[in-house]
Amino acid sequence: MSNLQPSHNFLHAFCIKPSYRFETQHPNEQVILVLRAHPITLLPWIFNSLVLLIFLVFINFLFLKFLTPSQTIFANFFGLAFIFAYIWFNFLSWFFNLGIITNERIIDIDFHAVIYKEVTETQLTKVEDVTAKSSGFFASIFNFGNVFVQTAGTEVNIEFINIPKPSEVTKIINELVS
Amino acid sequence: MEFSQLINFITGQEIFSLFFKIFAVVFGFLYIIYSLVIFKQTQIMTRTVETAGTTFILLISMIQIGIGIGLLFFSLLLL
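As you go down the protein sequences, you meet chains A and B in turn.
Just so we're aligned, residue 1 is where the first sequence starts under the UniProt record's numbering, counting upward by one.
Just so we're aligned, residue 1 is where the second sequence starts under the UniProt record's numbering, counting upward by one.
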């Protein structure tokens, strides 16, 4: 794995040898790869935020004559605060839902709706099979997909959803395992 | 208060302003609670994974609490 050069691609969705540290990291454990969902999968909530902003401007024209100036300012302040909360919530959900591949383990960290934390990990020695799946129009164009890591016995299987370059991730995991 | 004054109050601007203020205070309060939960969770998340942008992420979550406090103060004092 020494031939991999540190890099941050796809808006930090595909980071090779980043300077990240995680809670359960062992002293000599080295982070090889950090994965997040491809930035193109963020478009729905970015689009929703823009629609909400336009809607806020639009209702200003509709309700301006019904409200006092202080009420108008408050309504706008509240609307902007709501949109900001929506953007920040979605950003945090994306930023902290990640997959980490180290020289010892594969770790999947999920924060569902920010408040529910789930950390799944498996040793590289217990990896049996790695599958990359990429289906759909956008997945083909932007090169993203899912990677499934199957483990031996009763160990939990690991899934990385909508990550960039799934075939390259599979290749890196296979090189680490062998 | 005479009956006609009461009718004017119910149908007039005052009752709307009162409801607006109650709505503003309640939602301002709820926003603070929500932003505190998000801040607490952000602390847990940044503890789980430490990145170069940890401080910046915590700062933005703190700004969100500030926005919530601003909303509550606005609704209590200026409306």
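Watch out, some of these pointers could steer you wrong.
[To be verified] Keeping only pairs whose Cα atoms sit at most 25 Å apart, straight-line, the calculated SDA-like set for lysine to any residue is: (1) 40/B x 110/A; (2) 117/A x 63/B; (3) 21/B x 109/A; (4) 21/B x 110/A; (5) 17/A x 136/A; (6) 171/A x 142/A; (7) 126/A x 142/A; (8) 65/A x 50/B; (9) 17/A x 137/A; (10) 40/B x 109/A; (11) 17/A x 50/B; (12) 40/B x 71/A; (13) 17/A x 175/A.
Just so you know, the hints here were simulated from the structure itself, not pulled from any lab data.
| field | Hints violated by the structure (listed by number, smallest first) | value | 3, 4, 5, 7, 8, 9, 12
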